[in-house]
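Q: Going line by line, the protein sequences match chains C and X.
If you're matching positions, the first sequence starts at 23 in our numbering and goes up one per residue.
If you're matching positions, the second sequence starts at 23 in our numbering and goes up one per residue.
Note that these hints are calculated values from the structure, not bench results.
Be careful, since some hints might not be right.
One copy or any two copies: either way a pair holds, since identical chains are not told apart in the list.
Claimed, not checked - Calculated cross-link-like contacts (lysine-lysine; reagent style DSS-like; alpha-carbon spacing at most 27 Å):
(1) Lys248 with Lys72
(2) Lys58 with Lys248
(3) Lys322 with Lys51
(4) Lys250 with Lys48
(5) Lys181 with Lys165
(6) Lys269 with Lys322
(7) Lys51 with Lys165
(8) Lys250 with Lys72
(9) Lys269 with Lys243
As a plain string of letters, each chain reads:
Number of protein chains: 2
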Amino acid sequence: MELIEITTYFKNLQQEICHQLEIEDKSGKFQFDSWKREAGGGGVTAVLSKGRILEKAGVAFSHIHGPMPNRIATRLHQPEGAFFHATGTSLVIHPQHPFVPVIHMNLRYFEVETGTAWFGGGIDLTPCYIDPAQAQWFHQQLKSACDTGGAELYPLFKKACDEYFFLPHRNETRGVGGIFFDFLKPGDLFSSYTDIFTWIQNIGNSFNPIYTALIQQNQDKLFTPKEKEFQCLRRGRYVEFNLLYDKGTAFGLDTGGRTESILMSLPPEVHWQYQFIPEPDSPEALTLSRLQPMNWLEFKA
Amino acid sequence: MELIEITTYFKNLQQEICHQLEIEDKSGKFQFDSWKREAGGGGVTAVLSKGRILEKAGVAFSHIHGPMPNRIATRLHQPEGAFFHATGTSLVIHPQHPFVPVIHMNLRYFEVETGTAWFGGGIDLTPCYIDPAQAQWFHQQLKSACDTGGAELYPLFKKACDEYFFLPHRNETRGVGGIFFDFLKPGDLFSSYTDIFTWIQNIGNSFNPIYTALIQQNQDKLFTPKEKEFQCLRRGRYVEFNLLYDKGTAFGLDTGGRTESILMSLPPEVHWQYQFIPEPDSPEALTLSRLQPMNWLEFKA
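Can you make the complete structure from the sequences, with help from the hints?
A: What follows is the structure, given as structure tokens:
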């Protein structure tokens with residue numbers, strides 16, 4: 023497995039996802055910005071704004087390299103200045119329609135000249151209103167993709183996702199979870215880097231069919247201004263998570279990453295209302311009650 | 023100087039500020055919520071929403087006490103479990119009018135049974151569009167209030183404010199600064215706690231005349247949808263600062279404070295736009311160019 027195969031895959035994945043999203047949106051077009059990193063490497067950030075379905079969609083590819091900055095070396099327990107490569111695809115999609123869920127995916131590969139290398143990433147879903155049948159279907163799709171690498175992967179990575187995407191100050195999960203993994207190397211779970219890379223591609227390739235289905239199932243539903251307002255409040259929680267807790271955001275900003283590419287994850291319009299309390303038994307109250315780690319595969323209505 | 027004098031002052035200050043803001047707003051009314059802290063003490067959070075001038079104004083009083091939680095003790099270099107009192111008034115005002123500036127004030131007092139005690143706080147201004155004459159006038163008022171405790175205070179606390187309210191990932195100050203101070207005890211700057219408390223009251227009492235004037239000077243100006251949009255984007259920077267960098271926010275959430283009271287500082291409506299770049303020489307570009315530490319007292323147009 024060569025680095026160029028990985029960067030090529032991540033770059034192609036960005037293209038394929040942008041292409042598919044434009045087909046579904048039928049109106050918006052991605053704007054592609056190339057950027058270079060002074061110390062080595064760069065990336066392409068693609069953003070679609072004010073589409074028919076997608077209010078703001080960001081799909082980023084990057085491949086940076088060079089001597090490892092001190093702060094990264096410390097966090098990763100690597101020698102300062104060791105030559106490294108980091109490459110990946112990440113995306114966050116904020117639909118304008120409150121019934122089309124927000125989705126986030128990140129797949130990444132890190133390699134250091136000391137000989138160590140690993141994959142990381144995940145996919146998770148943040149519906150504004152939780153539809154349990156759709157949450158279940160989403161987890162079934164992730165389980166199928168995970169199982170191509172072994173049946174033990176989905177339960178491990180599902181649990182890690184619930185733990186990571188949690189807002190302690192709200193006592194809420196960010197959404198209905200998904201999968202999350204990091205530092206994947208040959209070992210107990212995979213026998214070789216080639217196996218991991220094959221599996222990573224299965225995860226990446228699951229994105230388009232999953233999200234296309236979620237768009238198509240929800241895009242024609244009618245919605246009210248009240249539901250749009252609830253979407254803007256739920257987006258506030260998304261911002262709180264990304265700025266208060268997300269390690270990728272803090273890491274990126276802290277190490278001098280490209281601010282506009284890192285913060286492309288923030289929603290286009292967000293509301294904060296003091297002490298929003300939904301009416302008892304309303305759809306809003308029901309959704310908030312379900313923002314807890316749930317075994318969606320076993321969920322029965 | 024007794025603790026009860028301090029808590030009484032902070033509580034009265036909250037009342038006086040809410041009263042004055044209602045007079046200026048002419049439409050909105052504050053909603054007062056009392057809350058109790060399980061381990062001791064509590065507070066009153068006052069929020070005015072959707073007023074004529076004030077889109078969201080939060081003015082909080084609190085007085086909490088009890089054995090010091092471990093995380094607070096570690097941060098403050100105090101023995102774990104030592105009995106403490108913390109009291110203060112804090113406010114953030116988000117006007118609906120893009121030419122009325124956002125203002126923030128915090129005044130606080132901390133006392134530990136080990137015998138140590140200190141005051142902290144500050145006032146700072148975040149105009150959406152910077153009017154240099156108003157920024158200068160604001161700093162003149164703060165200097166006058168500061169000078170009641172000695173001419174050396176304003177320069178020290180002005181510098182500390184510029185350093186604190188800075189967004190490194192944007193290379194921008196949050197606004198036009200103000201004053202910021204912490205751990206004020208008798209020593210080089212003040213000879214007694216009574217002197218510090220007298221000075222703190224001069225700072226707190228400066229709030230109503232300063233902000234009333236800023237409302238009255240700006241509230242009748244005409245504004246365009248473009249200017250309102252710029253306000254929503256500038257509010258995004260405010261959110262970024264508060265969630266990424268503000269120590270009070272992190273400290274409050276981290277130590278189990280009341281989430282709704284802590285996050286009352288977040289604006290009611292916020293926009294994020296990928297790569298917003300203002301037209302050259304526009305008022306928006308001019309404002310962004312002035313988001314740097316500036317000697318406003320000496321500013322010449």
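Q: Confirm or reject each hint.
A: Right, here's what the structure says about each hint:
1. Lys248 with Lys72: For Lys248 and Lys72, the Cα distance is within 27 Å both inside one copy (20 Å) and across copies (17 Å).
2. Lys58 with Lys248: neither (43 Å within a copy, 32 Å between copies)
3. Lys322 with Lys51: neither (39 Å within a copy, 46 Å between copies)
4. Lys250 with Lys48: Answer is within: at 21 Å inside a copy they meet the 27 Å cutoff, but 30 Å across does not.
5. Lys181 with Lys165: within (12 Å within a copy, 55 Å between copies)
6. Lys269 with Lys322: neither (34 Å within a copy, 43 Å between copies)
7. Lys51 with Lys165: neither (32 Å within a copy, 52 Å between copies)
8. Lys250 with Lys72: both (15 Å within a copy, 18 Å between copies)
9. Lys269 with Lys243: This pair counts as neither: shortest intra-copy Cα distance 35 Å, inter-copy 43 Å.
Hints 2, 3, 6, 7, 9 from the earlier list are contradicted by this structure; the remaining hints agree with it.
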